[in-house]
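Join the two chains into one complex using the hints; note that each chain is given alone, in its own frame.
Keeping their order, the protein sequence lines are chains L and F.
Our numbering numbers the first residue of the first sequence as 1 and each following residue consecutively.
Our numbering numbers the first residue of the second sequence as 1 and each following residue consecutively.
A couple of the hints might just be wrong.
Derived lysine to aspartate or glutamate pairs resembling DMTMM-like cross-links, with alpha carbons at most 20 Å apart [unchecked claim]:
id, chain 1, residue 1, chain 2, residue 2
1, L, Lys104, L, Glu43
2, L, Lys45, F, Glu102
3, L, Lys104, F, Asp59
4, F, Lys103, L, Asp39
5, L, Lys104, L, Asp7
6, F, Lys57, F, Asp38
Hints were generated in silico from the structure; no laboratory data involved.
None of these values were measured; they are calculated from a predicted model.
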Amino acid sequence: RKEVEQDPGPFNVPEGATVAFNCTYSNSASQSFFWYRQDCRKEPKLLMSVYSSGNEDGRFTAQLNRASQYISLLIRDSKLSDSATYLCVVVDSGGGADGLTFGKGTHLIIQP
Amino acid sequence: DGGITQSPKYLFRKEGQNVTLSCEQNLNHDAMYWYRQDPGQGLRLIYYSQIVNDFQKGDIAEGYSVSREKKESFPLTVTSAQKNPTAFYLCASRPGQGDTNEKLFFGSGTQLSVL
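Only chain F is shown next, with the shape it has when bound in the complex (with noise of 0.2 Å):
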């Protein structure tokens, strides 16, 4: 079945620590995005990618990093440079091609907390 997968589920981190979310895709987007959210808030768009080798980003960057190798993977890194980086992260990805109808589809989330 085609999806997204986010690993971990859950994930600590200690103080000056970074720490790298995986997010794959097997629906061939060429779109993919990450988003943090925080208890009974929004989502927040960290960093987005719009093709292989590219990416921009989001409201919320700063203390985050990611790369684009592959059209299938998106991983995000947290870095120490995050000082609350405790919250529920979301990868998602849609078809891409400019239509505004494009669906988005999410992975099932990384818990991060700080130990």
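Just chain L, with the same shape it has in the complex (with noise of 0.2 Å):
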């Protein structure tokens, strides 16, 4: 059964700080790869596509290792504002709907 893994934290951390957090995935044939982002009973929502090369969207960076087949989201100069859960996203080849595996998503919450 094809699995993504995440720490599920909480990972406290202080405004301004530098965190970085994981995704394992076990289908070495996965195709594309995302970070959600989920405030408490709301929607998740984009908060950026992983390429191969890596990618960076003012204070974050993903990226893509697949030789050790994960993704990693780094936030730089956290705010209190980035606090919510954040999900990994793993498609496989087809884009089918049985393509699509998400994680369990990790807590992030910053403290003033």
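In structure tokens, the structure reads:
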């Protein structure tokens, strides 16, 4: 069975610090990867796609390590508003619904 | 603005009652999904549909039913056979053209509780 694993946390981090967390996946044929952010009792919202070359969007950097089968999310200069649960999504080839696998999320708490 | 609309935001079910959650999208997406989320848990797939008049069971379809009569609409019925329906239900859609880079868009969710 395809698996996507995340450290559930919570990660308690002081404001302004840098925090990183990973998401490991079991299917070496996985094609696409995404990070979503979910606030309590809200819908997940796309944070960023993860490209093979790595990508950056402001304070957020996502990277893919195919050899070790994980993706990572780095948040620099963390803000109180970054407190949320971060979900990784792994998509297998074919793109059908059963090709989408969600991690259970990493809970991040930024403390003042 | 294009998007996915779920209603109602909160829903209460009595014992033995069927209830229907609405999901409508105007993104012209082919693929639509229903997920269930329990507190502190990940998303679990209930049903999905990749084209009108066709749908497939997900991992936890028992006690649920769906229909896809129109491209825009994918309602979920929680039947009385679902003995533990209390959860946060999320509808999602994506273009569904087979490109693995297609992003998934979510509705705002429905919180279902049992009276």
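Consistency of the hints with the structure:
1. L/Lys104 with L/Glu43: With Cα atoms ~14 Å apart, lysine 104 of chain L and glutamate 43 of chain L stay inside 20 Å; holds.
2. L/Lys45 with F/Glu102: holds (14 Å)
3. L/Lys104 with F/Asp59: holds (15 Å)
4. F/Lys103 with L/Asp39: Cα-Cα ~19 Å, so holds.
5. L/Lys104 with L/Asp7: Since the Cα atoms of lysine 104 of chain L and aspartate 7 of chain L sit roughly 8 Å apart, the hinted pair holds (cutoff 20 Å).
6. F/Lys57 with F/Asp38: Answer holds: lysine 57 of chain F to aspartate 38 of chain F is near 19 Å, not above 20 Å.
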